[in-house]
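Q: Residues per chain are reported as follows:
There are 2 protein chains.
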Amino acid sequence: MSAYCLATYRSFDEKADFHKKATSIAVGLTVGSWTELPEAQKAQMEKHLGKVISIEVHEPGAGESVSDRYADITIAYPDVNFSRDIPALLVTVFGKLSMDGKIKLIDLNFSSDFMAGFSGPKFGMQGVRDLLGVQDRPLLMSIFKSVVGYELPALREQFYLQAAGGVDLIKDDEILFENPLTPLEKRIEVCLEAAEQATKLTGQKLLYAVNLTGSTSKLAAAAKKAIAAGANALLFNVLAYGFDVLHELSSDPEITIPIMAHPAMAGATYPSPHYGISPSVLLGKLMRLAGADLVLFPSPYGSVVMPREENLAIKHVLLTNDLRKDYAYNAPSDAQLKLAASFPVPSAGIHPGLVPLILRDFGTDVIVNAGGGIHGHPLGTIAGGQAFRQAIDATVQGISLRDYAQTHPELQSAIDTWGIRE
Amino acid sequence: MSAYCLATYRSFDEKADFHKKATSIAVGLTVGSWTELPEAQKAQMEKHLGKVISIEVHEPGAGESVSDRYADITIAYPDVNFSRDIPALLVTVFGKLSMDGKIKLIDLNFSSDFMAGFSGPKFGMQGVRDLLGVQDRPLLMSIFKSVVGYELPALREQFYLQAAGGVDLIKDDEILFENPLTPLEKRIEVCLEAAEQATKLTGQKLLYAVNLTGSTSKLAAAAKKAIAAGANALLFNVLAYGFDVLHELSSDPEITIPIMAHPAMAGATYPSPHYGISPSVLLGKLMRLAGADLVLFPSPYGSVVMPREENLAIKHVLLTNDLRKDYAYNAPSDAQLKLAASFPVPSAGIHPGLVPLILRDFGTDVIVNAGGGIHGHPLGTIAGGQAFRQAIDATVQGISLRDYAQTHPELQSAIDTWGIRE
Numbered sequence: 001m002s003a004y005c006l007a008t009y010r011s012f013d014e015k016a017d018f019h020k021k022a023t024s025i026a027v028g029l030t031v032g033s034w035t036e037l038p039e040a041q042k043a044q045m046e047k048h049l050g051k052v053i054s055i056e057v058h059e060p061g062a063g064e065s066v067s068d069r070y071a072d073i074t075i076a077y078p079d080v081n082f083s084r085d086i087p088a089l090l091v092t093v094f095g096k097l098s099m100d101g102k103i104k105l106i107d108l109n110f111s112s113d114f115m116a117g118f119s120g121p122k123f124g125m126q127g128v129r130d131l132l133g134v135q136d137r138p139l140l141m142s143i144f145k146s147v148v149g150y151e152l153p154a155l156r157e158q159f160y161l162q163a164a165g166g167v168d169l170i171k172d173d174e175i176l177f178e179n180p181l182t183p184l185e186k187r188i189e190v191c192l193e194a195a196e197q198a199t200k201l202t203g204q205k206l207l208y209a210v211n212l213t214g215s216t217s218k219l220a221a222a223a224k225k226a227i228a229a230g231a232n233a234l235l236f237n238v239l240a241y242g243f244d245v246l247h248e249l250s251s252d253p254e255i256t257i258p259i260m261a262h263p264a265m266a267g268a269t270y271p272s273p274h275y276g277i278s279p280s281v282l283l284g285k286l287m288r289l290a291g292a293d294l295v296l297f298p299s300p301y302g303s304v305v306m307p308r309e310e311n312l313a314i315k316h317v318l319l320t321n322d323l324r325k326d327y328a329y330n331a332p333s334d335a336q337l338k339l340a341a342s343f344p345v346p347s348a349g350i351h352p353g354l355v356p357l358i359l360r361d362f363g364t365d366v367i368v369n370a371g372g373g374i375h376g377h378p379l380g381t382i383a384g385g386q387a388f389r390q391a392i393d394a395t396v397q398g399i400s401l402r403d404y405a406q407t408h409p410e411l412q413s414a415i416d417t418w419g420i421r422e
Numbered sequence: 001m002s003a004y005c006l007a008t009y010r011s012f013d014e015k016a017d018f019h020k021k022a023t024s025i026a027v028g029l030t031v032g033s034w035t036e037l038p039e040a041q042k043a044q045m046e047k048h049l050g051k052v053i054s055i056e057v058h059e060p061g062a063g064e065s066v067s068d069r070y071a072d073i074t075i076a077y078p079d080v081n082f083s084r085d086i087p088a089l090l091v092t093v094f095g096k097l098s099m100d101g102k103i104k105l106i107d108l109n110f111s112s113d114f115m116a117g118f119s120g121p122k123f124g125m126q127g128v129r130d131l132l133g134v135q136d137r138p139l140l141m142s143i144f145k146s147v148v149g150y151e152l153p154a155l156r157e158q159f160y161l162q163a164a165g166g167v168d169l170i171k172d173d174e175i176l177f178e179n180p181l182t183p184l185e186k187r188i189e190v191c192l193e194a195a196e197q198a199t200k201l202t203g204q205k206l207l208y209a210v211n212l213t214g215s216t217s218k219l220a221a222a223a224k225k226a227i228a229a230g231a232n233a234l235l236f237n238v239l240a241y242g243f244d245v246l247h248e249l250s251s252d253p254e255i256t257i258p259i260m261a262h263p264a265m266a267g268a269t270y271p272s273p274h275y276g277i278s279p280s281v282l283l284g285k286l287m288r289l290a291g292a293d294l295v296l297f298p299s300p301y302g303s304v305v306m307p308r309e310e311n312l313a314i315k316h317v318l319l320t321n322d323l324r325k326d327y328a329y330n331a332p333s334d335a336q337l338k339l340a341a342s343f344p345v346p347s348a349g350i351h352p353g354l355v356p357l358i359l360r361d362f363g364t365d366v367i368v369n370a371g372g373g374i375h376g377h378p379l380g381t382i383a384g385g386q387a388f389r390q391a392i393d394a395t396v397q398g399i400s401l402r403d404y405a406q407t408h409p410e411l412q413s414a415i416d417t418w419g420i421r422e
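Chains as they are written, first to last, in the UniProt record's numbering: chain Z, 1 to 422; chain U, 1 to 422.
Some hints could be false.
Just so you know, same-sequence chains aren't split out, so a pair can sit in one copy or run between any two.
In silico DSSO-like pairs for lysine-lysine, Cα to Cα no more than 30 angstroms straight-line [said to hold, decoys possible]:
| # | residue 1 | residue 2 |
| --- | --- | --- |
| 1 | Lys42 | Lys205 |
| 2 | Lys122 | Lys218 |
| 3 | Lys21 | Lys218 |
| 4 | Lys15 | Lys102 |
| 5 | Lys338 | Lys186 |
| 6 | Lys145 | Lys20 |
| 7 | Lys15 | Lys338 |
Since the hints were made in silico from the structure, they are not lab data. These figures come from a predicted structure and were not determined experimentally.
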């Protein structure tokens, strides 16, 4: 009995016979041909043959055009056909098929056997909370305002102001690469110095995610250099390097700090209804499988927008055990196989007045991530961080922002500037 | 004076002020903020600031809707802002921006300075011709029919039949990963044995591109193992691993055989008019820059279709020196910097009756690549290869396929089966 990974596609076609199409995918992307095989050979090839699991046809209704006709097709691919790595799985299920008309990969479910090749996030959500010593509230993260072209003292100052406002995590800008003005080790040195200074004020810990960049084969060494210099988290542009690179980094026993996955380039793949890969697969399941401890993705709240239901789908797969589906043929003994959860970080366009909305959508297992909403605070960056922490404290305690703001001028000022969205 | 890489975007927006948008990209993706900087700081930051090069607004005309309003915006990004690697460039020009509404990266031009970090294809088109000893005609490549689940003798037989028909190159199926039935070294052994046997018949050389798969950090070692086993070409699923991985493989002095780039997964990125990256960048400029000696892409002739003009755009950038553009600020002394050409391989849906069309579009600098058009020949696989070689010979000599077929029964049979498209 084989194990199978399941891929679900949304295939648009004005008149296709979707049953025929599904069969042609299941056969074409596995054994190549089937009906013309001799019976004896069929018996031998059966375990390599893809299976059509389901076909749900959506016929255009009132107000829709024929071009809105699609089917959601789920195919089971035998694990025996591919090696236990993400490139092999993706090339199998969506290599050639991605180029075959209007078709989008909308879901992917891994067999227990396939997942056994992945250890998932090394820290995960709980590990990140433990490092920070914060268990009971959403975390707050901030992003540098401007970094390219700036020197160490300017970076240090920006860092200090963010840290002093009470943020839990600070991340490098994803476009800050190795450069002579603020080289990795120096950056870590001055920023952690600033963090320590801030800690004296705030009494809280802080993680600084430094951007891991450069040639692929040198990333692991760069990460270890960063760790030796004191780094306590890494930022990584996963999609510019490939999921397998993240998987190898997260599996490296010498990389002993959390990895934060940045979604840079993701918009080249997820937004079209007709092509690409859905956000819950691209920024959800694959990121977690590859071992991201924290995953950034565009929030539904700001200017860089992803629909709310897609955000919630990402959240769901980062936090629950719904990556695994064991299709009929084998029910493995290690059915409890679980990966640590990845911390969801909806990003972009966040201001304190959105905190109640974010917490309603995500609960407390979320990182509130802000850039302009901290640096653009009328009373300055420190007040910007404080206003967010106040908004979080209020919401967790079930107090309205308006009420809480009466005794918290930083929050009041933020509300005066950006309003409240409920 | 700085050097700049140029990115061109097609940005769709029903009512945006595209000049404002262009400025916000140029500033936002470089120095972060500009107008509010003190003059002294502006002088210092100037060399890091992105520049708006051009904006061409397309207002919807008759028969178009407001959603067809777009602008093509070209921004120059200072090289000083990013390291000389493809991930850094892509994250800079299209990392965050890819997620910012309907926007597609439609062109990318590298400065001479940036290109100096890349040696390009090690063999290139001419090197591949030299290896095969064929200078004056398009090459012919074929693809295995079925591979997954088959054992070595079946693979060997398929290989022999393709080789005996006179093809110049045979490639693994991209979904054939390391597996117990046909492991890499064994596959190379039996296929090259079959190649030798065929050479006795055909008198010609042959390249066999074996699929390079597995974990990213072990690819270079796997390639060297393949070379030690006698491999004379590699197939690589570039987009499943990232361009930088191809760049590192192609730059490795111990990888002494051509690398063929497969477009698997490309359809997740290029086909949408509103999102992603255009084919000429994704499968053209970036593949060549990263060092692909041969590049496969969907042909405009078959069922897996890419528009003809996009095919020609890929061809153009694979063959000419038009990847490089030196924007105003510096005209480098090494202006003659050139990369070897990558061999274009339009693929899918090819039968002998299409050869005149392919050669009209591509000239002789093309590899005619067929699967079903060879294996599905009524007289068998050998005749399938022969029919293609006859079609190529006829077309190069300026003889019509119909005339040539009168004395070439394999070609006649192919024409009877698939027709001629002119």
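Q: Against this structure, judge whether each hint is valid.
A: Outcome of the hint check:
1. Lys42 to Lys205: For Lys42 and Lys205, neither the intra-copy (61 angstroms) nor the inter-copy (35 angstroms) Cα distance is at most 30 angstroms.
2. Lys122 to Lys218: both (21 angstroms within a copy, 22 angstroms between copies)
3. Lys21 to Lys218: neither (43 angstroms within a copy, 36 angstroms between copies)
4. Lys15 to Lys102: Answer is both: 13 angstroms inside a copy and 28 angstroms across each meet the 30 angstroms cutoff.
5. Lys338 to Lys186: Answer is neither: 38 angstroms inside a copy and 37 angstroms across each miss the 30 angstroms cutoff.
6. Lys145 to Lys20: This pair counts as between: shortest inter-copy Cα distance 20 angstroms, intra-copy 53 angstroms.
7. Lys15 to Lys338: Neither way: Lys15 and Lys338 sit 42 angstroms apart in one copy and 48 angstroms across, limit 30 angstroms.
Hint compliance for this structure: hints 1, 3, 5 and 7 are broken, all remaining hints hold.
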